[in-house]
Amino acid sequence: MAARAVHGIGVPVKRKEDPRFIRGKGTYVDDIKLPGMLVMDIVRSPYAHARIKRIDVSKALAMPGVIDVITGEELAKANLAWMPTLMGDRQMVLPTDRVVYYAQEVAAVIATDRYRAADAVLAVEVEYEPLPPVLNPFDALKPDAPLVRPDREQKSNHIWHWEAGDKEKTDRIFHEAEVVVAQDLYIPRIHVASIETCGCVANYDPVTDKLTIWMTSQAPHAHRTVFSLVTGIPEHKIRIISPDIGGGFGGKVPVYPGYVIATYATLKHKKPIKWIEDRSENLQADSFARDYHIHAELAATRDGKIRGLRVRVVADHGAFDAAANPSRFPAGLFSVCTGSYDMQAAHIQVDGVYTTKPPGGVAYRCSFRVTEAVHTIERMVDILADELGMDPAEIRFKNFVQPHQFPYKSPTGWEYDSGNYPAALQKALETIGYQELRREQAERRARGELMGIGISTFTEIVGAGPSHTFDILGIKMFDSAEIRVHPTGAVIVRIGVQTQGQGHETTFAQIVAEELGIPVEYITVEHGDTDTAPYGLGTYASRSTPTAGAATAVAARKIREKARLIAAHLLEVSPDDLEWKDYAFRVKGAPDRHKTMQEIAFAAYTNFPLGLEPGLEAECYYDPPNLTFPFGAYVCVVDIDRGTGQVKIREFLAVDDCGTIINPMIVEGQIHGGLTMGMAAALLEEIVYDENGTMLTGTFMDYLLPTAVETPHWKTAKTITPSPHHPLGAKGVGESPTIGAPPALVNAVVDALSHLGVRHIDIPITPAKVYRILQEKGVAE
Amino acid sequence: MEPLPIQVTVNGRTYSAEVEPRLLLVHFLREVLNLTGTHIGCDTTSCGACTVLWNGRPVKSCTVLAVQVDGGEILTVEGLEGEGQLHPVQEGFWEEHGLQCGFCTPGMMMTAVALLNENPDPTEEEIRKAISGNLCRCTGYVNIVKAIQYAARKMREGMSVHAGGV
Amino acid sequence: MIPGPVRYRRVRSVDEAVVLLSQLGTDAKVLSGGQSLIPMMKFRLAEPSYLIDINAIPGLDFIEERGGVLCLGALVRESTLERSMLVRQRYPILHDTAEVIADPLVRNLATVGGNLAHGDPANDHPATMLALRAQVVARGPNGERSIPIDDFFVDTFVTALQPDELLTEIRIPVPPPRSGGAYVKFERKVGDYAIAAAGVFLVLDEAGRITQAGIGLTNLSYKPLRAVDAERALLGQYASDELLRYAAELAAQATDPVSDLRGPADYKRAVARTMTLRALRRALERAQANA
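Chains as they are written, first to last, in the working numbering: chain G, -7 to 773; chain L, 8 to 173; chain U, 147 to 437.
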């Protein structure tokens, strides 16, 4: 074993999870089949807002294969008609009297198989009395607006008001400013649309009195706690297993009514219940992202120095505040919106509002609203550059937080850990040939062609989070790892986070390999089973490496410290005479006298020093001292078709800095994927409702995921600025590209049109939107 | 409705079953034959997670009835590996990090296998067009293209070795 | 999404299909490629009580020129059309069309016959067939009849086919010298229906005057549309870019699109103009190269 390569940090190790996936041997929730299993299917509302007058289940119940039809009235008797959301609001599981969004769950059919269940769903008769829908938050805030949530004490659709920064100072700066630019931006509702939809298999075993739920969950431990609180079942009698997850991106963080109904049904029928959404249900009723109406202002000097930022946001949260933000951050980490730029003051106000739309406000591959934040600042900086006639690269260099300013205290209170923004942008501009592109653009403009170059230099904020500020429903946002070294030097690692494709089974093994000098192939990583994995808050918001990655490194180092004592015993020297070098404990000055971790592990079970506990294992619950702040510089080149309004991405370069890179192959893959989702949000994806609140984008025919044809061949590069407080210097990367890409694209499209007086276009930038502008400016073909 | 008898060869093995005429091929594979490597990702013939080869052609098995394939041959992801030897496409996806969550992967690989059977040396553009009926939400396609190029190389090398009589 | 209960019969001949259709009437649906029908059944937008699977009828998948006519069997798959060397060389407009229908996997099953018989104005072949002045051959209990394509599309999802008739063949006149066709589609992404698309077929005389013009438009009205005024404007004229622009404008004026997620009606009309112009230019190039 010792002769084999360790394949620790920085090595593009092939993924350990892939052998099962490439053989079709992954186990996703829908692959689970238990004896006697029944299937659940859900009756959904055709109205956005209606009173339920009557539900008649008799025809459905009489159909072959139908076992049960569960309604809200029945759940109410078990005190399960409502459940808490992760934001401390409450949400209907099944309604007893009214529905508040299109496709809301109304009743659940339990049948012998999915064909019988689907037939029975159509036979459940529901009589509705339609009520007026409330489809945007501005209408919702009007005094005569219909009340979305009469169950609340507060008789308005306003949920909460939240502020960050220094209002007085910011107002003063704006009052004195030489230049102020302002812009309304709308970031529409979008949906993560992982290719696997959500679902569960809930199985109550009356013999052991234990409830096991296989669930599409990004946070199985947190969900177990919620389930225990909702059902009253003791937590040790609930086991939640996240098997292989077919993409998460934030959409598998919330608890959906379907999980709770399936759980109720297994408790009632004492048989396993499977519930798997179809795609329409997934798009229509699962948590959305964004839906932020933003008004932003930048104050600056005439020579382009930014002095202050003022932002007001009206946030549409749908019918229940089921966002998945840390408790103290109802608007997530939006206040990081001063971005990569040094300024004196900022003031942010956000108001959350109920509408008769599906609940949510989850991320879409984004750390708690940082996409909205980055979009705001990156657009505003370009708008300021346009106002002042400056180059968008020049204005960025002029305003960057400088490398010597780190750790940098932002005007809204964040402490950026490390960064080198000018270096990243410099690298991006040189790699893509910025000056040459500008020359080409001028030539093309002279010929009437529309070409644009867009820059985005974003700062991301990930790794939630330190316990002094970060919790979800009171549970602090630490994360965890347990490492056990077996006598032969093989290792099992269990972590509190949960992969959905990020490759944890590989990267976490590499961390342990690096810290212990054990080849990566001898290290198994397990996660996702609450009966075996240590408690953790799950994987989202790019938090796995910053939190559980750190926990893994710290636990491994605890093992190493114990191993030092055993090595000293074996080498008959004092522990202080040993140094850890080249993956072994070596006697200082006599490096050939050494013990590998494999030798030490064996001794830990066979020949340990007297008084030392046998075995070789450790755990760590890691409470991060700060968040980490990855960053990047993206440049995008687009051409616009004057005959159709189509935006064609000619080139896109992403320079990312996520600190220490554990597996460069995986990091690059994460960047490709994130860029694609960012591009999709910028150009294609939007959830649209008609005037009745009916969703018009409930299938993949109308909710547009990019194919390989629409997706450009991404180019990537990197700089490396380690995090000073993370044990490995790593920062997290999964979401940076989704955050950085949209403003780069929008800035490019606006740049292509800026000489015509265009300053802003809301996403998604559809061909129809662009063409209308071309017509208005008289350049449409 | 009356179940109908069908006989289908899946991954080289012949199965007889009685199925409802409306049973979708994907459900036949997953729920009757327990071949769960073929996945379901949408309702509109859009995502391609359910792609299998039917008599050698890649099709979306959510949009084919099981009764239609009576007498036919189906190849699923479970049938790609031959005698412990990964198919070059499987190998390529592993080598080039052509997958992340793995959910679209079986369908994507089946499309790739059919492409390379027809066109042993596809350009990047040809690959991108060929896989444009398969959605991937994780990879951004760059590494999937590389994975298929890897497999193409590997298959061409294999053929030339064979042709050379080595 | 699960289709509703249905009966199924695999037929072995056109006659067998016609007999069944006569017996079952509108309760039955012909299952060809199934790439539109099965999704509609899953959404319960189509709930036929009987499926007549015609895929096993032998000899219905021909692509051949016979007596001055290109004959396409109803069961020709789009992917077969796309790969046909005959089509690629002699009927590039058909190749253009086949390769932008849905996506490559759907095209492996979808058939040319089904694309027409579905009567969906968003489908791509109707415009092409309108431009090419195709004939649709149908077989019913009283034998075979040939329906000019202009008479074939009656309304949204309604064609001239009777409930007891089966579409068996599409006939397209063999292109004369100095002819060329093209299909140009603008879609939001692969797999989408057209925002607008145009199929154009032109024939020139020796002097370069346009002697025949066909223009079909996709997804721009309640049924597939032929741009008659635009065609007329081209006839007898020398093909200048100005003329093509004028014809494209007339084609756009003939459209009657609805506003939807693909864009407002006026936008679609504008794209119709662009698509027609681009298809005209490409068809002209091909005609000139085909001298």
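These are computed hints drawn from the structure, not numbers from a lab. There may be inaccurate statements among the hints.
Unchecked claim - Subject to a maximum C-alpha distance of 16 Å in a straight line, what follows is the list of computed EDC-like cross-link-like pairs (lysine to aspartate or glutamate):
1) G:K761 to G:E678
2) G:K640 to U:E333
3) G:K6 to L:E98
4) G:K761 to U:D296
5) G:K390 to G:E497
6) U:K335 to G:E678
7) G:K554 to G:D521
8) U:K369 to U:E290
9) L:K136 to U:E333
10) U:K335 to G:D295
11) G:K17 to L:E98
12) G:K17 to L:E131
13) G:K707 to L:E131
Claimed, not checked - The following label-pair restraints were derived from C-beta to C-beta distances:
14) G:F389 to U:A437: 33 to 39 Å
15) G:P198 to L:R20: 49 to 55 Å
16) L:P12 to U:A437: 56 to 62 Å
17) G:G770 to U:D173: 53 to 59 Å
18) G:T104 to L:G78: 26 to 32 Å
19) L:E88 to G:E605: 44 to 50 Å
20) L:E90 to U:F208: 46 to 52 Å
21) L:T16 to G:K202: 39 to 45 Å
22) L:T16 to G:E428: 56 to 62 Å
23) G:K580 to L:D128: 55 to 61 Å
Claimed, not checked - If we take Cβ atoms under 10 Å as the criterion, some of the chain U residues that face chain L in the derived model are:
24) R153
25) L197
26) R229
27) S230
28) M231
29) L255
30) E388
31) Y392
Built from N, CA and C at the ideal position, the CB exists for glycine as well.
Okay, the hints, checked on the actual structure:
1. G:K761 to G:E678: Status holds; Cα separation ~13 Å.
2. G:K640 to U:E333: Cα-Cα ~13 Å, so holds.
3. G:K6 to L:E98: holds (11 Å)
4. G:K761 to U:D296: violated (35 Å)
5. G:K390 to G:E497: violated (42 Å)
6. U:K335 to G:E678: Holds, at roughly 14 Å.
7. G:K554 to G:D521: With Cα atoms ~28 Å apart, K554 (chain G) and D521 (chain G) exceed 16 Å; violated.
8. U:K369 to U:E290: violated (25 Å)
9. L:K136 to U:E333: Distance of about 15 Å is within 16 Å: holds.
10. U:K335 to G:D295: violated (43 Å)
11. G:K17 to L:E98: The hint holds at about 15 Å.
12. G:K17 to L:E131: Violated, at roughly 29 Å.
13. G:K707 to L:E131: holds (15 Å)
14. G:F389 to U:A437: 33 to 39 Å: violated (59 Å)
15. G:P198 to L:R20: 49 to 55 Å: With a Cβ separation near 38 Å, P198 (chain G) and R20 (chain L) fall outside 49 to 55 Å, so the hint is violated.
16. L:P12 to U:A437: 56 to 62 Å: For A437 (chain U) against P12 (chain L), whose Cβ atoms are near 59 Å apart, the range 56 to 62 Å holds.
17. G:G770 to U:D173: 53 to 59 Å: At roughly 56 Å between Cβ atoms, D173 (chain U) and G770 (chain G) fall inside 53 to 59 Å, so the hint holds.
18. G:T104 to L:G78: 26 to 32 Å: holds (29 Å)
19. L:E88 to G:E605: 44 to 50 Å: holds (45 Å)
20. L:E90 to U:F208: 46 to 52 Å: violated (40 Å)
21. L:T16 to G:K202: 39 to 45 Å: holds (42 Å)
22. L:T16 to G:E428: 56 to 62 Å: holds (58 Å)
23. G:K580 to L:D128: 55 to 61 Å: holds (58 Å)
24. R153: holds (6 Å)
25. L197: Given a least distance of 7 Å, the restraint on L197 (chain U) holds.
26. R229: Holds, about 9 Å.
27. S230: violated (14 Å)
28. M231: violated (14 Å)
29. L255: Nearest chain L Cβ about 5 Å off; hint holds.
30. E388: violated (34 Å)
31. Y392: violated (34 Å)
Violated hints, listed in ascending order, are 4, 5, 7, 8, 10, 12, 14, 15, 20, 27, 28, 30 and 31; each of the other numbered hints is respected by the structure.
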